[in-house]
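S.K.: Sequence:
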Amino acid sequence: GSLATRDVVARACDQRMKISGADYVWLITDHLDKAELHSHFPTIESKLNEYALSLGKDPLPVAPAAHYMVGGLSVDINGRVLMANDSPIPGLYGIGEVACTGMHGANRLASNSLLEAVVFANRAAEHFISESVNNIENVPSWRAEGMLELEEHAPLIRDLETLRKTMTDDVGIVRTFNRLERAKRMLGLLSKEVDLIWRRSIPSRELVELRNLVLVATHITEDALNRKENRGLHWNKDLI
Numbered sequence: 001g002s003l004a005t006r007d008v009v010a011r012a013c014d015q016r017m018k019i020s021g022a023d024y025v026w027l028i029t030d031h032l033d034k035a036e037l038h039s040h041f042p043t044i045e046s047k048l049n050e051y052a053l054s055l056g057k058d059p060l061p062v063a064p065a066a067h068y069m070v071g072g073l074s075v076d077i078n079g080r081v082l083m084a085n086d087s088p089i090p091g092l093y094g095i096g097e098v099a100c101t102g103m104h105g106a107n108r109l110a111s112n113s114l115l116e117a118v119v120f121a122n123r124a125a126e127h128f129i130s131e132s133v134n135n136i137e138n139v140p141s142w143r144a145e146g147m148l149e150l151e152e153h154a155p156l157i158r159d160l161e162t163l164r165k166t167m168t169d170d171v172g173i174v175r176t177f178n179r180l181e182r183a184k185r186m187l188g189l190l191s192k193e194v195d196l197i198w199r200r201s202i203p204s205r206e207l208v209e210l211r212n213l214v215l216v217a218t219h220i221t222e223d224a225l226n227r228k229e230n231r232g233l234h235w236n237k238d239l240i
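Reading the sequence shown from the start, the letters are residues 1 to 240 in the numbering used here.
If you are wondering where the hints come from, they were derived from the structure by calculation, not from laboratory data. A few of these clues could be false.
Straight-line C-alpha distance at most 20 Å; calculated EDC-like pairs for lysine to aspartate or glutamate [as the list claims (entries may be wrong)]:
1. K47 - D58
2. K165 - E145
3. K192 - E161
Just so we're clear, the structure is a prediction, and the values are computed from it rather than from any experiment.
All chains, full assembly: derive it from the sequences and hints.
M.R.: In C-alpha cells:
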C-alpha cells in the first residue's frame, strides 16, 4: 500500500522495473491535495519545475536509490569500533552512516539518521577528547619510489561505472544467489584491475576511493552470500 515502509515500496518498484525493463516506475499524486504537497515538499517541487513537472498533477518517473548505509562497523555507545569479541579497537571510532549502533534494528525508519550523525558523533568526540592522545603515532610518509603519476583516469572512471552498475543490479534491493555470485566474479576482476594500477601509480584521491569502494563492495557481497535468512534490508528471493 501507499503507506508501506520504504523497504517494501522499494522492493515493489524494483520488481516492476525488472519486469518492464524500464529504469523507473510512475508516481501518481494527482489524487492528493496540491497545496499540501507544495507546502511539505518545496525543494522537490522546485526541482520538478525545471522539467516542467508538478506535484499533484503530473505522473512522475521515480526509482529506488541507495542514499544511506545502514551501518557496518559495530560500535559501542561512545562510537568506538568493536572487534568480534566486543573489545574496542584503540583509537578507532565509527560515526554516521558507517556505524552500527543498534538503534535501528535491521532497518532504519525515515528521518532517524540524526542519531548516528549527531548524537553518537557528539558522544564519540567527547570520548576521544577525554582519552589520553599522547600515545598517537604519526602516520608514516607514503613511499613512492619508482611510481609514476597516473596519466589516464579513464580506466578509473569506467571501473567506477562498472562497480556502480554491478552493485545496483546484482547486490541491490532484491537479491538472488545467482546475482550475488555474478557480482562476486565481477568484483574479483575489478579488484585485480585496481590493484595493478595501485602498484604502479602514485595514489590519487580517485584511485584510493575506488580501491576502498571495491573492497567494501566485496565484503557486502560476501556477507550477503553467507546470510541464510531475510532480515531488514537484506532480501534474497531464494530465501523466501
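S.K.: Compare the structure with the hints numbered earlier in the document and write down the numbers of the violated ones, lowest to highest.
M.R.: 2
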